[in-house]
Amino acid sequence: MHTWKDWIALSAIIILLLIGIGLHQPAPPAFVRSPYLGFGADPTTTMMVSWKLDRPFPAVVRFGPQKEYEKTGKFTATVSVTADSATDNYVYHVPLTGLAPDTEYAYQVEIKAGLSSRKSEVGEFWTASSDLDRFVFDVYGDTRTYSDRHRMVIQAMAHDHPRFVVHTGDLVESGGVEALWDDRFFRAISSLADDAPFLTVLGNHEQNSPQYYEGFSLPPGGGRGNKEWWSIDYGTVHLVGLDTNVLTLPHGFKLNRDQIAWLKADLSAARKRGKRFIFVFFHHPLFTSDREYSPGNTGLRQLWHPIFKEYGVTAVFCGHCHNYERLVEDGVNYIVTGGGGAPLSGFVDTPISGSVKRAELLHYVRVTITGDQAEIAMVPVGKVENEAVTPLPPEPFDSITISAPQTASAPVGS
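Residues in the sequence shown are numbered from 114 upward in steps of one, following the numbering used here.
In short, the hints are calculated from the structure, not lab data.
The beta carbon of each residue, even a glycine, is placed where N, CA and C say it ideally should be.
Heads up, some of the hints might be wrong.
[Claimed, not checked] Okay, derived cross-link-like pairs now, BS3-like style, lysine-lysine, Cα gap no bigger than 25 Å in a straight line:
#, residue 1, residue 2
1, Lys496, Lys422
2, Lys184, Lys232
3, Lys340, Lys367
4, Lys385, Lys470
5, Lys470, Lys422
6, Lys225, Lys187
7, Lys388, Lys377
8, Lys367, Lys377
9, Lys385, Lys422
10, Lys340, Lys385
11, Lys496, Lys470
12, Lys388, Lys422
[Claimed, not checked] Just the calculated beta-carbon pair ranges, DEER-fashion:
#, residue 1, residue 2, range
13, Asn339, Arg384, 50 to 58 Å
14, Ala143, Pro333, 29 to 37 Å
15, Asn339, Ser304, 36 to 44 Å
16, Glu183, Thr503, 18 to 26 Å
17, Lys184, Val502, 38 to 46 Å
18, Asn317, Pro506, 43 to 51 Å
19, His274, Gly211, 18 to 26 Å
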C-alpha cells in the first residue's frame with residue numbers, strides 16, 4: 114500500500130520529468146516577419162495571415178469576432194499549422210475561412226514548443242461584403258530606399274484605419290535580396306500590415322524575384338504563380354493589378370498578349386457585375402511629367418489606355434516616378450504616387466498635356482468610397498530638403514471626387 118510520502122515522491126519525479134522534457138524542447142523561434150495580412154479570392158469570407166520564421170515550426174492561429182474577443186478575451190476558432198507548410202524561406206500563408214461578411218475580427222499567432230511559446234500581438238481586420246459602399250483604402254509606392262521615411266508614411270496611413278493598402282511597386286531596392294524584405298520592407302510596414310491587408314504589384318526593382326511571389330498572398334489572376342497580375346472585388350469596387358515589366362521578360366510579348374486578353378475579359382465581367390468603381394494599379398506610368406521619365410511608357414500607353422477608356426476605368430494608380438502627379442486623359446484619371454520613401458524626383462519645366470497637379474513630397478493617396486462617390490486625395494507626409502525630412506500636416510494637397518457612372522461609360526471627375 115502506497116503512503117502519502119510515496120505519492121509525494123512520485124509527483125516530484127513526474128514534475129522533474131516534465132521539466133526535463135520542457136528543457137530539452139527547442140525554444141520557439143522568433144518572428145522574422147511578424148504576422149501580416151493579405152487577400153485570397155474572396156475578401157467577404159476569407160483572410161490570409163502570413164508570417165516568417167528562421168526555421169520551420171508548427172503554429173496555431175486563433176481568431177474570432179473582435180466584439181467577442183473584447184468581451185471575453187477569448188477566440189472562437191483555431192487553425193493548426195504544420196511546420197512543413199512553409200515556403201522555402203519559411204514564410205507561412207494561412208487562410209482563415211468561414212468568416213462573416215462586413216465583420217471585424219481579432220486574431221493571434223502562437224508558436225509553441227513544449228512548455229514554452231511565443232505569441233504575436235493581437236491583430237484585427239475587417240471582412241468585406243458584396244454591397245459594401247463605405248470604406249477607405251490607401252495607395253502608395255516606391256518605398257525601396259529609406260526605411261525610416263517609409264515608416265513615416267506607414268504611420269500616417271494608420272490614422273486612416275484603411276480596410277486595405279495597395280503598393281504600386283518598387284517595394285525594395287533589389288528583389289532578390291531576402292534581407293531587404295525582412296529588415297526593411299516588412300519591418301517598416303509591421304505596425305499597419307497586421308490590421309490592413311496589403312495588395313502589391315511588381316516594380317522593376319523586384320526583378321520578378323521568387324522572394325516577391327512567396328512573400329505575399331494575392332488574389333488569383335494570371336502570369337507567374339497566377340498572381341503576376343490579379344483582380345478582386347471589394348464591395349462595390351473592382352481592383353486590378355497589372356505587370357508593366359512583362360515586355361522585359363523572356364517571351365514578354367506573349368505574356369503581354371495574355372495579360373491584355375485577361376484584362377479585357379476581367380473588366381467586361383466587372384462591368385456586368387455592376388461594380389460602381391474600377392481601379393487599376395501598376396508600376397510604370399503611361400503619362401508623367403517626371404524629369405527622368407516624361408512623357409511615360411508610350412508603348413504600353415498605346416496598348417492599355419484604349420482599354421481603360423473603353424471599359425470606363427475610374428482611376429489608374431502608378432509609381433516609378435518618385436513624386437505625385439494627377440493627370441486626366443480621355444476621361445480616365447491617372448495618379449502617380451511614388452512618394453513612399455525612395456529619393457524624390459522633380460518635373461520637366463513644361464508639364465505634359467493633361468497634367469493637373471504635381472508635388473515633390475513624401476505622401477500617400479487616400480481613397481474614400483461613400484455610396485456613389487469616390488474621393489481620391491493626396492495626403493502629404495514630409496518635405497525633403499538636403500536629405501532632412503520635415504513632417505507635414507495631413508491636410509490633402511490635392512483631391513478629386515468621382516461619381517459612379519450610370520452606365521458603363523467612363524466616370525466623371527469634379
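Hints and how they fare:
1. Only pairs whose Cα atoms come within 25 Å are accepted, and Lys496 paired with Lys422 is rejected, the gap being roughly 34 Å.
2. Restraint check for Lys184 and Lys232: the C-alpha separation of about 20 Å stays at or below 25 Å, so the hint holds.
3. Note on Lys340 and Lys367: the hinted pairing holds, with a Cα-Cα distance of about 17 Å set against a maximum of 25 Å.
4. Between the alpha carbons of Lys385 and Lys470 the distance comes to roughly 33 Å, so the proposed pair goes past 25 Å and is violated.
5. A hinted pair counts as satisfied when its Cα atoms are at most 25 Å apart, and Lys470 with Lys422 qualifies at roughly 21 Å.
6. Straight-line distance between C-alpha atoms of Lys225 and Lys187 comes to about 18 Å, which keeps the hinted pair within the 25 Å bound.
7. Restraint check for Lys388 and Lys377: satisfied, since their Cα atoms lie roughly 15 Å apart, inside the 25 Å limit.
8. Of the pairs offered as hints, the one joining Lys367 and Lys377 holds, with about 16 Å between alpha carbons and a cut-off of 25 Å not exceeded.
9. In summary, the hint linking Lys385 to Lys422 is supported, as the alpha carbons are separated by about 16 Å, within the 25 Å threshold.
10. Distance check on the hinted pair: Lys340 and Lys385 sit about 23 Å apart at the alpha-carbon level, within 25 Å; holds.
11. With a C-alpha separation of about 17 Å, the suggested pair Lys496 and Lys470 falls inside the 25 Å cut-off, and the hint holds.
12. For the proposed pair Lys388 and Lys422, the alpha carbon gap of about 16 Å is at most 25 Å, so the pair holds.
13. Taken as a hint, the range 50 to 58 Å is violated for the pair Asn339 and Arg384, whose Cβ atoms sit roughly 23 Å apart.
14. At about 32 Å, the beta-carbon gap between Ala143 and Pro333 stays in the expected band of 29 to 37 Å.
15. Between Asn339 and Ser304 the beta carbons are some 30 Å apart, a value that contradicts the proposed interval 36 to 44 Å.
16. Between Glu183 and Thr503 the beta carbons are some 39 Å apart, a value that contradicts the proposed interval 18 to 26 Å.
17. The hinted range of 38 to 46 Å is satisfied by Lys184 and Val502, whose Cβ atoms lie roughly 42 Å apart.
18. The hinted window of 43 to 51 Å between Asn317 and Pro506 is violated, with their beta carbons roughly 33 Å apart.
19. Evaluation of the 18 to 26 Å hint for His274 and Gly211 yields a pass: the beta carbon distance comes to about 25 Å.
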